[in-house]
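My numbering puts the sequence shown at residues 1 to 146.
Hints listed in this document are in silico derivations from the structure and should not be mistaken for laboratory results.
Take the hints with a grain of salt, since some may be wrong.
[Claimed, not checked] Distance windows between CB atoms, simulated:
# : residue 1 : residue 2 : range
1 : 72        : 38        : 37 to 47 Å
2 : 105       : 72        : 29 to 39 Å
3 : 102       : 4         : 47 to 57 Å
4 : 58        : 21        : 33 to 43 Å
5 : 75        : 55        : 15 to 25 Å
Every residue, glycine too, gets a C-beta built ideally from N, C-alpha and C.
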Amino acid sequence: MDLVLSDPTVTVDFLLDRLRSTFEGVKASISTIYNFLTKVCKFSLKRLSKWAMRRDSPELKQQRLEWALENKVKIDLEKNCVFIDEAGFNISMGWEYGLSKVGEKAVLKVPVTRGLNSSFLGAISPKGCIDLKVRLQAELIISTHF
1 MDLVLSDPTV TVDFLLDRLR STFEGVKASI STIYNFLTKV CKFSLKRLSK
51 WAMRRDSPEL KQQRLEWALE NKVKIDLEKN CVFIDEAGFN ISMGWEYGLS
101 KVGEKAVLKV PVTRGLNSSF LGAISPKGCI DLKVRLQAEL IISTHF
């Protein structure tokens, strides 16, 4: 478990080799190691999130704390903070899995094979929506000011 926790890119082959080199005569297969990792240790295979190494360093955490303490008077969520977020979608997006009878394909009829990409960008404050922009694939920007 410590090897996986210290390096999430470690392979099952590597773990099996390490086990065999540490304990002579161990008879285990790759599937045995994989089943142990998933069923006993509760690990699962996921897409990696790459973070800068210094992100969680004690020095950087201390700098963040000092900044927050220095600026806590200036930061008033109800007076001078705006939250901005973006979301994107495509008309072709949808479920990748579906149900069908055994032996038959699961088919979903859709209006087009490729849809336009759209992005929404919004700015809100505790007093309400400040601005909302919609960007379509053709770079057309629709803006609504509140």
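Evaluation of the provided hints:
no., hint, verdict
1, 72 / 38: 37 to 47 Å, "45 Å, holds"
2, 105 / 72: 29 to 39 Å, "59 Å, violated"
3, 102 / 4: 47 to 57 Å, "37 Å, violated"
4, 58 / 21: 33 to 43 Å, "35 Å, holds"
5, 75 / 55: 15 to 25 Å, "22 Å, holds"
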